[in-house]
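Q: Protein chains in written order, with the working numbering: chain A, 1 to 323; chain B, 324 to 646; chain C, 647 to 969; chain D, 970 to 1292; chain E, 1293 to 1615.
Derived by calculation from the structure, the hints in this document are not laboratory data.
A virtual CB, placed ideally from N, CA and C, is assigned to each residue, including glycine.
Be careful, since some hints might not be right.
[Claimed, not checked] For each label pair, taking beta carbons as the anchor points, the in silico distance ranges come out as:
(1) B:R476 x A:I164: 51 to 57 Å
(2) D:A1119 x E:G1499: 31 to 37 Å
(3) C:S831 x B:V540: 56 to 62 Å
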Amino acid sequence: MFDTPTPELQTMPLGLYDLVTYAIVAAGFALFAYFLYSWNSTGEVGVRYRPAVLAGLCIAGVAALSYLVLYTKWDTGFDLVGGVYEPNAEARSTLYPRYVDWSVTVPLLTAELLAVCSIAGARARGLRLRTMTAAFLMILTGFLGSQVLAQGRDVTALVVWGLISTAFYAYLYVALIGAVRASMSSMGVEAGRSLRNAALVLLGTFGVYPLVYAVPVFVDVTPAWLAGMQVAYSAADVLAKVGFGVLVHKVAKLRTAEDVAAGVDTHPESVWVSSVRHSEAVLPDPRSEHRTTRFAGNTVDDAPVSAAADARHGATRTTTGRS
Amino acid sequence: MFDTPTPELQTMPLGLYDLVTYAIVAAGFALFAYFLYSWNSTGEVGVRYRPAVLAGLCIAGVAALSYLVLYTKWDTGFDLVGGVYEPNAEARSTLYPRYVDWSVTVPLLTAELLAVCSIAGARARGLRLRTMTAAFLMILTGFLGSQVLAQGRDVTALVVWGLISTAFYAYLYVALIGAVRASMSSMGVEAGRSLRNAALVLLGTFGVYPLVYAVPVFVDVTPAWLAGMQVAYSAADVLAKVGFGVLVHKVAKLRTAEDVAAGVDTHPESVWVSSVRHSEAVLPDPRSEHRTTRFAGNTVDDAPVSAAADARHGATRTTTGRS
Amino acid sequence: MFDTPTPELQTMPLGLYDLVTYAIVAAGFALFAYFLYSWNSTGEVGVRYRPAVLAGLCIAGVAALSYLVLYTKWDTGFDLVGGVYEPNAEARSTLYPRYVDWSVTVPLLTAELLAVCSIAGARARGLRLRTMTAAFLMILTGFLGSQVLAQGRDVTALVVWGLISTAFYAYLYVALIGAVRASMSSMGVEAGRSLRNAALVLLGTFGVYPLVYAVPVFVDVTPAWLAGMQVAYSAADVLAKVGFGVLVHKVAKLRTAEDVAAGVDTHPESVWVSSVRHSEAVLPDPRSEHRTTRFAGNTVDDAPVSAAADARHGATRTTTGRS
Amino acid sequence: MFDTPTPELQTMPLGLYDLVTYAIVAAGFALFAYFLYSWNSTGEVGVRYRPAVLAGLCIAGVAALSYLVLYTKWDTGFDLVGGVYEPNAEARSTLYPRYVDWSVTVPLLTAELLAVCSIAGARARGLRLRTMTAAFLMILTGFLGSQVLAQGRDVTALVVWGLISTAFYAYLYVALIGAVRASMSSMGVEAGRSLRNAALVLLGTFGVYPLVYAVPVFVDVTPAWLAGMQVAYSAADVLAKVGFGVLVHKVAKLRTAEDVAAGVDTHPESVWVSSVRHSEAVLPDPRSEHRTTRFAGNTVDDAPVSAAADARHGATRTTTGRS
Amino acid sequence: MFDTPTPELQTMPLGLYDLVTYAIVAAGFALFAYFLYSWNSTGEVGVRYRPAVLAGLCIAGVAALSYLVLYTKWDTGFDLVGGVYEPNAEARSTLYPRYVDWSVTVPLLTAELLAVCSIAGARARGLRLRTMTAAFLMILTGFLGSQVLAQGRDVTALVVWGLISTAFYAYLYVALIGAVRASMSSMGVEAGRSLRNAALVLLGTFGVYPLVYAVPVFVDVTPAWLAGMQVAYSAADVLAKVGFGVLVHKVAKLRTAEDVAAGVDTHPESVWVSSVRHSEAVLPDPRSEHRTTRFAGNTVDDAPVSAAADARHGATRTTTGRS
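Extracted from the complex, chain A is given alone in its bound form:
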């Protein structure tokens, strides 16, 4: 079986082996740092945009765990023999665990982006379901082509399943760009710009993956190619998860501040971005006060924010709208 080298089964010289170790561990550390940050900063964002931060937290946790698996396999998958690292059976598992991570995190990335867009209600739920499904199928079909069918060594299978995967990417591209475009007008200039940047980072780095996927189609993978693939995947993961997440977090904070300033929501902490205060802290009214000011409070529902809500579903969308 080892006579036809798969991409993972390279005899690595010391420098390249250490470089890949560096890339995997550094990416894992960055994701772990982002995990710690997300866990401890959910409260900075209003409950309306909280799903974005929670998606980022889940993404960071799963990806950090996945890099732990990758590191373990990379660390134990090669034996130092005669000054070079030779692959053993564990080395088979130094690339494809990435697909398992992506199967969970890429759908969550689309949910993270949509959670700071302005699409609401049943329309939001439908779009979220469709994009998360497309994202999952994009990864699953890539996995089938590169690992399951003929162990990824059949160029035809690679190409066919790669194209199917790309079709899902195309849908994602259109659907997410559309959602971002439709949302930018309903928020402030700075938030809108950050939202656009976040979408660019996400969809841009998504373009890196098929390039790396296609490497074995076009070249005979050498140790240097394998090192390049690992470094590229690791860098893309950090960019698409941490870089993207930091931008989404900023959008969520800015929109929280906008909601507080517009009286649409309360927030027990002021909102600061880069030492500039965007809204003051506002506590909810206590219950007794609330009863007397209820009518005033309802006028909030006439604000443009709620106008975006999809009214076709049968639920209550205002505080007092149900009997």
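Using the hints provided, position chains B, C, D and E relative to the given structure of chain A.
A: Positioned in the frame of chain A, the structure of chains B, C, D and E alone reads:
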């Protein structure tokens, strides 16, 4: 002992082995993500429905841990020899750890569902105790039939204990459907619809397990059958725990919003579902204010929500009802 | 050394081995679930009864960790040879780690029970110290008899140290029953009934342990006896820690609601038990308001709750009692 | 190298080996329980005394981790051969990891004690720095004498470095006793008594360590001596960290209650110690109210608590004192 | 390959080996303690300076994890043969994992420092981006020179890449000193002094790393040199992360107190530093009150704090400034 292959002890080709690894790790990642989400979103739900979120959290934690055990056993239970994965002694433990997980999580799943239904007081406690017991026995009897008695290789034992297990399933089906039906009228349309969907997902996926359990009764298990069993179990676990949990979480949020809007409870954050606001944030009254408004506050106990409370137990069910 | 089989060193058939694995892992999962629940529900209970929940949390954490050790030793302590599991050196450590767990958790269990009783002040501290010490010595003497002296294979040592251990149990029984009886009148009917049930569960399951301890005194331990011992210990641990803890948690919530309703304490969340509301949420007064209402607030100290407080210690027991 | 047995390299009979395992694991469990308790009870203490609880938390976390290392080394460092446990190379690391733990935790213990004393400002910072440095050097010199220089087998080095270490202990003794004595008058009777007890427990158990350190100077270490050393170290660690910590926690709670009662601080929860209420919950004033009552609020700074503050540093020590 | 000893591959005598173990584990424990402290003290700092504490938390978490890797490699990378520790293949990984840690933590250290400076808005974002990039490149180039190119055994490569790395250090030095100088006047004396000290600690310890890096350029590395390098790196890491972090935390607390005292922000807890109170606790106004006092609140934006904000970006920087 190894001459009569049990279902777990298959010599797996590479593609199928990797596919099962994918299924186990992806399900574990999804459960871990759901664990992180539950841990950090308990506060989004009012304290009345908090037991539902806490049950979901415990389920996610236990199941994620169980998948870690499964992964470890699957990873170390097969040796790559001559291009195929051959099972070793550890491979015996690549299916039955699932029963241990289910023994704890399936009773908690019924508790999670009941926690967002409207049955209250002693009647709720009785129903919860009966359904949790039935759920535990459903799993335990399945475990005895498939693993302990004759090591699951006696078809008669498989069938007999499978049928006993099914009897408990039948009771669960009737009891839970009854509880959901009785509850739907006491909540809003959207919450009721999500509650019904949650029950359908739960009881529907519960139907997958006996089918997989029965596979060794009807066919000689091959590597492909084993892979199918592992993928089916993993997918069903994600659906019955994460999918179900997300629906229950939505019911809990909608009902929290209804309680706040009806004045039955306070909640320090507004409730948003898919960017639509369902209730404003309301703080409790401070102590001094509370004294003066106490009589008004008591009228809450005449609301229909409390009417569902079982009055037969001797405890205080209103704030001021005990002397 | 291996010619006189100690209880732990049995050659286990597959079915019994799997059954013990099931019991150990299921108990560990249940304790881990209870750990997650306790960690995330401390806030449901007023700060007065918080020590009970914190004790439960510590118990759950330590016991879950202890079951991890047990599982590891059980998993690696037997080798599959010729269709049966034969013990190796690690198998010596598949029973006695339980004593280490109990040395920490049983004293905490008595503290958990006392934290929801009505005994207060120096009297509470004295009783807590005595019962925790007795609980520790009950376990330590059992450990010395069953493991350290002649490696638990001297029947005389087993009996003598077993009887000494039982004497501490007798003290615990009397002291805890007394505390519960003295407390029941000072709380509501439902809380009192749950407190009594909790004490019965705790002291009842405590009776299981000496029975299992005495097994090697009366019978030659066989694989089936060992399996029975492991299953009995695991079930008793779940009952005495999780079952007991859930009951204590309910007492703590009901008593929190009683304190809020009586004006003795504030609590930022309402208290719900099985969907029945037992008290409203009440915020503390802000500082400025507090100054003006201080005299009214002090009347709280004349309530019967504080009357139970032991006045002999020199400290301040009221807000304004010290100058 | 193994012909001159170092203290750690004893051939242990079963009973003594199990006893040491018991001592190490039980101490580790107790520290882990204390870790869980500290993590979840920081909020019970006002922010002024919070550093004490945080120090306790760090101590518990580091010590629990250190016992995990100790347990792993003890568990793998001995092989069961012919009915006795024979040490292997790992057994060298079954005593000295304790010094690593102490290098971090003993300085933190002095910080924990000082955080509930009344010394404030620059004087507090100076004293803290000096005592933490002395505590670190006390441990480091002990480590050099017992492990690094001649591997702890040179009696002269043991004695000389032991005496140097003792000199730092003497400084600590004087400095900490002085701080406690100076503080007792500024707090209530019960808090003062607990503070004195905490100091006694800490400095008393500190005396156990040099005794154990000196064992190899005076006797030929036998298995029983080694077991005694391990049990003594483990018991002293539990006493000096958990026992001491519980007393400090009580002081911190009582002083929090005193500050709230005196109007020096607010605290969102009431303070209860052993079911006796020591202060009511008091919320801060909201911002608008604060503006109008600011002058009244400032009078707090004339209270005796602040009088202890060191005024020589250039910073603002009152809310409005800086322009 | 092993005939030209790289710095890591030394045969270590017992005393030096234990000393390095001590240094690595002690530094790891200190970082873990700081991690626990940061996690549980984020709330002590206002949301404006929260990024500093969160950066510290991420740094502590990543560095503690990195020391776990280092310890594992050091512990397993040497075999005790004939009374000395001889390196095996794992020993290659006992120095360079430090570079992975630094690649993530050093950029975060610059962010931590800037988060308590007074530079705001787009200017802050630009400076942060530039310094974080320079910090990353400073480490990456050092890693390439010392590990990847000719495995760090080419003196020319060491020198060239070391100089490139130093150039980035020079930029960092200038940029960070500039930011600190520009900020000191906008805060109180005590905060400013602590900020200066923090910068000195950070930039001072940064100077230690190139010295250690240059050791193999100037000397033939011996066991004593290797031990010195490990001890120096470990001590510098503790100083630059924990010592620096404690100073930054103090600045953040003092500035929080200043903001509360100046009415720029609210904070639900009072701020105490070394038992001296620097500000009272102030709650935000409730929503209804907020509406009536909004104009007064806006005057805050005329305070000098906001004057530092960069106004060139298009976003809202005040509560009501956007329409």
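Q: None of the hints should be skipped; say for each whether it holds.
A: Quick rundown of the hints versus the structure:
1. B:R476 x A:I164: 51 to 57 Å: The hint (51 to 57 Å, Cβ to Cβ) is violated, given that R476 of chain B and I164 of chain A are roughly 41 Å apart.
2. D:A1119 x E:G1499: 31 to 37 Å: holds, 35 Å
3. C:S831 x B:V540: 56 to 62 Å: The hinted range 56 to 62 Å holds for S831 of chain C and V540 of chain B, with Cβ atoms some 59 Å apart.
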